[in-house]
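Student: Protein chains in written order, with the working numbering: chain A, 124 to 414; chain B, 721 to 986.
The reader is advised that the hints may include incorrect statements.
Listing some non-contacts, in silico: residues in chain A with all C-beta distances to chain B over 12 Å [unchecked claim]:
| hint | residue |
| --- | --- |
| 1 | G341 |
| 2 | P362 |
| 3 | A370 |
Stretch by stretch, here's where chain A covers chain B in the computed footprint (C-beta under 8 Å, at least three residues) [as the list claims (entries may be wrong)]:
| hint | segment |
| --- | --- |
| 4 | 733-742 |
| 5 | 756-765 |
| 6 | 916-923 |
| 7 | 929-937 |
To be clear, the hints were calculated from the coordinates, so they are not data collected in a lab. Just so you know, these numbers come straight off a predicted model, no measurement behind them. We put the beta carbon where it would ideally sit given N, CA and C, even for glycine.
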Amino acid sequence: MPGGPETPRFARRPIPARAGIGLRAPHHAAIVRDRPAVGWIEAHTENYFHDGGPGVRALERARELYPLSLHGVGLGLGSADPIDREHLRRVRDAVRRFEPALVSEHACWAHVDGQHFNDLLPLPHTEEAVEHLAARVRAVQDFLGRQLLIENLSAYVGYATSQLREGEFLAAVVARAGCGLLLDVNNAYVNAANLGLDVERFFADLPAAAVQEIHLAGHSRRAVEGHELLIDDHGSAVPDAVWALYAQALRHFGAVPTLIEWDNAVPALEVLVAEAHKADTILRQVHDFAA
Amino acid sequence: MISLPEAARSLGELQREFARELQSRPASAPGVPTFSVTHQPAAAARLDVYRNNARQFFRTALELTYPVVRRRVGEEYFRVLAGEYRDVHPSRSGDLHWVGAAFPAWLADRLAGTEYAWLSELARLEWLCEESMAAHREPALAVQCLASVPADRVEGLQLRLQPSLRSMSSRYPVWSVWQANQGDGDAAPVDLSQGPEHCACACLDERVTVYRLEAGQARLLDALAGGAALGRAVDLAEVDASTLAALLGWAFSEQLIVDVSPSVQA
């Protein structure tokens with residue numbers, strides 16, 4: 124099994140139970156220059172596949188300052204098509220190069236018959252899909268030589284064939300693959316609105332010890348055929364209702380490293396940092412209260 | 721090899737059905753039986769979110785690679801071009817950075833014989849910039865490294881250039897068009913009949929730099945990049961010593977030369 128480099132380039136720094144921010148291209152220079160007081164950073168793995176270039180150099184500099192999580196969006200783990208070996212090799216190269224403390228991907232599918240939709244498409248919550256996704260996660264973990272966190276999706280449709288609740292589905296994947304979970308609280312909120320997800324039941328179904336990271340983001344509202352649909356677009360501040368659900372999640376899962384995701388209409392770095400500080404405040408409040 | 725589990729077969733059928741729904745225009749009739757929703761809107765309308773995502777993600781990747789082409793043709797026409805291009809060259813990878821690789825050649829076919837044929841050449845330059853952005857940077861040699869080389873050995877020297885260096889020649893003045901469209905203001909008009917231009921690009925810092933070259937310099941650079949020693953490169957490019965001196969001066973000053981062989985003492 125391929126492992127990491129013999130001599131680490133970066134200090135081994137675990138992700139602290141604090142808030143972090145997603146590293147996006149408009150902030151590459153500012154984050155190194157200003158060194159904002161955030162606990163860690165997360166980068167989209169596919170944005171750093173290149174051999175070099177400004178983005179790769181920026182992440183190397185940022186990695187010297189912060190613990191890092193690498194978050195993949197392109198493997199399409201639940202796709203019935205074979206895994207893209209070249210893509211997986213590049214993930215492994217990025218993991219070796221940047222030495223992240225956490226590596227994550229999504230419980231989704233993305234490509235079929237060679238065509239890639241470059242989206243996080245939902246899986247049916249069936250025994251068949253559990254077995255398939257767990258096998259894929261095990262294979263990827265073996266290849267990378269480390270544990271993967273799997274993130275719950277936001278979805279706009281469910282499947283008539285689903286037999287399991289979403290939380291049961293993810294719990295079964297964790298049990299069979301030995302992976303961890305990345306809990307996206309905004310996705311749970313969006314699914315509650317769009318698909319009637321019972322969030323309390325969802326939290327209760329998840330194996331609490333497996334939840335190693337939380338995502339927070341904003342969503343938008345779109346009128347579709349006269350009815351409202353929430354769109355998980357990561358293009359705005361975390362709404363109050365999602366902050367409330369976040370506090371609920373912390374009470375359920377404990378103090379978990381939390382990321383502010385803001386991928387579209389990316390604001391000034393100070394805005395992101397302020398959102399992270401708000402998450403830190405809630406983390407402290409809930410944690411102190413629990414203690 | 722990670723094999724396809726037996727259990728994935730029916731999952732594959734479901735995913736093919738989902739894909740057909742995403743590719744259908746317009747959406748299939750309401751009540752797509754595979755999908756289940758607890759309340760309105762209906763599944764067929766909800767699938768539009770995924771249809772839009774697939775189109776938008778693809779188009780955005782293309783826009784990021786071809787900002788000058790997009791600026792020249794405008795948002796609406798670029799949207800049309802991106803849609804047509806995607807029909808012929810759909811994404812095959814989870815990494816969207818390379819989805820535009822075939823765009824210049826596709827554009828050349830699409831616009832052949834029209835007054836916009838030059839756009840494919842502009843796209844070619846932007847693709848070279850994209851490649852340049854992804855390449856690693858090597859430490860550059862200073863021109864002083866040549867000081868210790870005996871005069872009779874200079875002709876036999878081979879240069880290795882920065883991995884990010886790319887060059888092209890065009891029948892159209894694409895360097896001028898590219899340059900005129902770098903600011904936020906209105907682009908200065910470029911006379912497209914002014915003839916061929918030659919250019920090179922490299923990325924050593926935070927952005928790509930695009931250089932204009934003379935025809936002889938471009939031929940010489942191509943010969944050097946192809947591995948020809950200095951003397952042979954001058955012959956291939958059919959240039960004189962002054963062109964060689966000018967090109968070497970530019971390449972050293974821009975930190976584009978990373979190795980010389982046989983090795984010389986820096």
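Student: It remains to establish, for every hint, whether it holds in the given structure.
Tutor: The hints, checked one at a time:
Every C-beta of chain B lies more than 12 Å from that of G341 of chain A, the closest at about 16 Å, which supports listing it as non-interface. The beta carbon of P362 of chain A sits about 19 Å from the closest Cβ of chain B, which is more than 12 Å, so the claim that it is off the interface holds. For A370 of chain A, the requirement that its beta carbon stay farther than 12 Å from each beta carbon of chain B is met, with the minimum near 26 Å. With 6 residues bearing a CB less than 8 Å from a CB of chain A, the segment 733-742 of chain B meets the requirement of three and the coverage assertion stands.
Judged by the Cβ-Cβ criterion of 8 Å, the segment 756-765 of chain B is covered by chain A as claimed, because 9 of its residues qualify and three suffice. By the rule of at least three residues with a Cβ nearer than 8 Å to a Cβ of chain A, the coverage given for the segment 916-923 of chain B is violated, with 1 such residues. Coverage of a stretch by a chain is defined here by at least three residues with a beta carbon nearer than 8 Å to that chain's beta carbons; for the segment 929-937 of chain B and chain A the count is 0, and the condition is violated.
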